[in-house]
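Engineer: Spelled out from the first residue to the last, the chains are:
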Amino acid sequence: MGTRALPIVSQSAAQTAAQPQSSGKQEPMGFFTDTSICIGCKACEVACKEWNQLPARGDGGAHLEMSGQSYDNTLRLSGDTWRHVKFVEQFPEPYEGRWLMMSDVCKHCVQAPCLEVCPTGAIIRTEFDTVVIQSDTCNGCRDCIGACPFGVIDINHVSNTAQKCTLCYDRISVGLEPACSKACPTDSIQFGPISELRQRAAARVVQLREQGESRAHLYGADPQGPLGGLNSFFLLMDAPEVYGLPREPKMPSRNLVRGSLLSTFGAIVMAGVGALTLRASRMRDVARGPREDTSRAD
Amino acid sequence: MQTDLPGTFFSAPPGFGWLVILYIFIGGLAGGALLLAGLLRLMGTAEDRPYIRIASYIAFAGAVISGIVLIIDLAAPLRFWHMVIQNHTGLPMLKWWSPMSDGVWILLLFGFFSLVASLEALAVDDHPRFRALRFLARPPLVMFGAIGGMVFGLALAGYTGVLLALTNRPLWADSSWLGLLFLLSGVSTSMAALLLFAHWRRVDSPSSNDWLARFDTVALVLELLAMICFLISLGGAVRALLNAWGVVLVVGVIVGGILVPLVLQRRPSHGVVLPAVLVLAGGFMLRMVIILSSEQIHVSGVQVLR
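Those protein sequence lines, which keep their order, are chains P and C. Each residue of the first sequence is one higher than the one before, counting from 14 in the numbering used here. Each residue of the second sequence is one higher than the one before, counting from 10 in the numbering used here.
Treat the hints with care, as some may be off.
To be verified - No more than 30 Å apart at the CA atoms, straight line, and that leaves these computed lysine-lysine pairs for BS3-like: (1) Lys195/P / Lys38/P; (2) Lys195/P / Lys62/P; (3) Lys38/P / Lys62/P; (4) Lys38/P / Lys263/P; (5) Lys104/C / Lys195/P; (6) Lys263/P / Lys104/C.
To be verified - Among chain P residues calculated to face chain C with C-beta under 10 Å, some are: (7) Cys54; (8) Asp93; (9) Ala135; (10) Thr150; (11) Ala175; (12) Leu274.
Unchecked claim - FRET-style restraints, in silico, Cβ to Cβ: (13) Ile237/C / Glu106/P: 22 to 28 Å; (14) Gly255/C / Phe278/P: 26 to 32 Å; (15) Val282/P / Phe153/C: 19 to 25 Å.
Don't read these hints as lab results, they were simulated from the structure. We treat Cβ as the ideally placed atom computed from N, Cα and C, and that holds for glycine.
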C-alpha cells in the first residue's frame, strides 16, 4: 500500500504531544484509522482488552463464542470490547471478492451525543478533547447507548455501567500512547494531535487516489462536518454504510425543540378541551335542572 | 449493499424492554389521571367527588409504581440517586436539555402533587385518620394543587416520547411526534382507567360519565390524527414497521384501541367496560410496538452486506 512513503506517526512525537501541561486544556488528541492498511490481525482488540482488563466474549475459558457467520467472532463493539476489527466480506461470487478491514472504536465526537443526553453527568469531556464515562457516577440508565449514532456504547456486565473506549486516558495523561495504536503492526491506527493527523490523512487520500483508489475518502475528519468532526476519524475504501457507519450522524437534540413544542401544544389543547367539555357538560346539567345524586359512592 | 438505510439504523439498541414499556404506559395513565382530577377539582361539583378521589389514587399509585420500575430498570439500581444529586459534589443534578434528567424531576414533582391530591381526597371525604389535613381543601391550596398536578401530569404523559426522540434509534428519533402521541394516548387511557375503576367501585354519576365520554372521544380522534402524522413523518424509517409489529400497530392500536372504542362510545348500550378495556389495551400495545420494533434493529457492517 506504500505507506512507507508517508511520514508515519513517531511514537516519540505522539508522546511529546500528549505530555500533560501544567494545567488547563491540552491540544486535542485522537486516532486516525487508515482502513486501507488494516490486515485484520486484531492486535488492537487484544491490546485494548489487556490494558483495560476487559473480559473475552463468552465465559473467557473453554466456551468462547463463535459468530458462525464470519471470520470475525467479535461482531460488534460492546461494554467489554472497546476496539473491534470489522471484517466486511464482499464476495458476490464464490471466488471473486475482497475483504475490507476496519478497526472500529469510539469516535470521541467533538459534539458528543452521549455526553449531551447523559442525565447523571457521568460522561465528561477531558482536557484532551476526548469523551470519557466516569464509571463511579454512571448508574446504567442506558440513555447514552441509544443516543450514540455509531452503536459504540454498551453496558459492561462486570461494572454494571455503560462503558466504551477512554482513548486510554490513563496512558495519555502520563505521556504514553494508547494501547491499540501502540500494538498496531501496520500503523493502521495512528495516534496524535488531531491537526497533525488530519494533514497526514489528507495526504494519504491523495496518494491512494493517485494509485487509482477513487473511492478512498475520509470519514469524520472535517471539523465543519457532522458532530463538529470526530476526534477518531477514518480513511474508508467504500461508502460509510458498508462499514456500518451512518452517512450523516446527528445530534439527539435535533428533535428537542420541535418535539417539546408539539407536546406542549398538545398539553394545552388537552387541558383546554377538557375544561371546555366539562363546562359544557355542567351547563347542560344546569339547563336540565336539579337531579338526584345517583352516586353510590364507596 | 444497503446504502439507503436511514442513519438511525446504525445505532445500537439500548435494551429498553418490558419495564420501560410498563413505565411509559403507567406514567402516561397516571399523568392523565391527575389532569382529570385537577379539572374536576377546579370546575366540578359534589357529584364528581368520587371521580376526583379515584383519579387522585390512580395518579399516586402510578407515581409510586413508576419510581420503583425505573429504579429496577437501572443497571446499577443503588445509584438511582445520581439522577437527582451529583455524586461528586452533592449539588442537584439537572440538565434541562436532557429529557431523562427532566423526567426524573417531573416524576418527583408529579409524585408530590399526586400525594397532596390523594391526601386532600382522604381528608375531604372525612376519613377519620386524615381529618387534620382538611386544610388542604382550602381554595388557594386546591387551586395550587390542581394546577400543579395538571402541569406535571401532562408533562409526565408527554416527556417520555420526547426522551425517545432524543436518541439516534430507528422510529424514535425519526419523528418529533412521539411526545404528542404518547401524551394524547396517556390522557385517553387515564379516562378509560377512571371509568373502569368507577364502574368497579359502583360509582355512577351520569354527568361525570357523560363528560368523560365526550372528552375521550376528542382525545381518541386527536390521537388518531397524531398517529397518522407520526407514521407520515417517519419517511423511509417506516420500514422498521413493515413486519409483525406493523400488524399489531394497525390491528391492535389503530383499529382495536382507537376506532372500535370510538364506534362503541357512540352506542351507549355497550356500556363502559368494553371500550375502556380496548383503549387500555391499545395504549399498552402502542408503547410495546414503538419500543420493541426499534429494539430489534441492530445493524453492523457485516449484516448490511448480507
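Engineer: Are the hints correct? Go through all of them and say.
Structural biologist: Hints and how they fare:
1. Lys195/P / Lys38/P: holds, 24 Å
2. Lys195/P / Lys62/P: Roughly 13 Å separates the two Cα atoms, so the pair holds.
3. Lys38/P / Lys62/P: Within the cut-off at roughly 28 Å; holds.
4. Lys38/P / Lys263/P: Since the Cα atoms of Lys38/P and Lys263/P sit roughly 26 Å apart, the hinted pair holds (cutoff 30 Å).
5. Lys104/C / Lys195/P: violated, 38 Å
6. Lys263/P / Lys104/C: Status holds; Cα separation ~20 Å.
7. Cys54: At 18 Å from the nearest chain C Cβ, Cys54/P fails the 10 Å test, so the hint is violated.
8. Asp93: violated, 13 Å
9. Ala135: At 7 Å from the nearest chain C Cβ, Ala135/P passes the 10 Å test, so the hint holds.
10. Thr150: holds, 5 Å
11. Ala175: With a minimum Cβ separation of about 8 Å from chain C (threshold 10 Å), the hint on Ala175/P holds.
12. Leu274: Interface hint status for Leu274/P: holds (8 Å vs cutoff 10 Å).
13. Ile237/C / Glu106/P: 22 to 28 Å: Violated: the Cβ-Cβ distance is about 46 Å, outside 22 to 28 Å.
14. Gly255/C / Phe278/P: 26 to 32 Å: Given range 26 to 32 Å: holds, Cβ gap about 27 Å.
15. Val282/P / Phe153/C: 19 to 25 Å: holds, 23 Å
Checked against the numbered hints above, the structure breaks hints 5, 7, 8, 13 and satisfies the rest.
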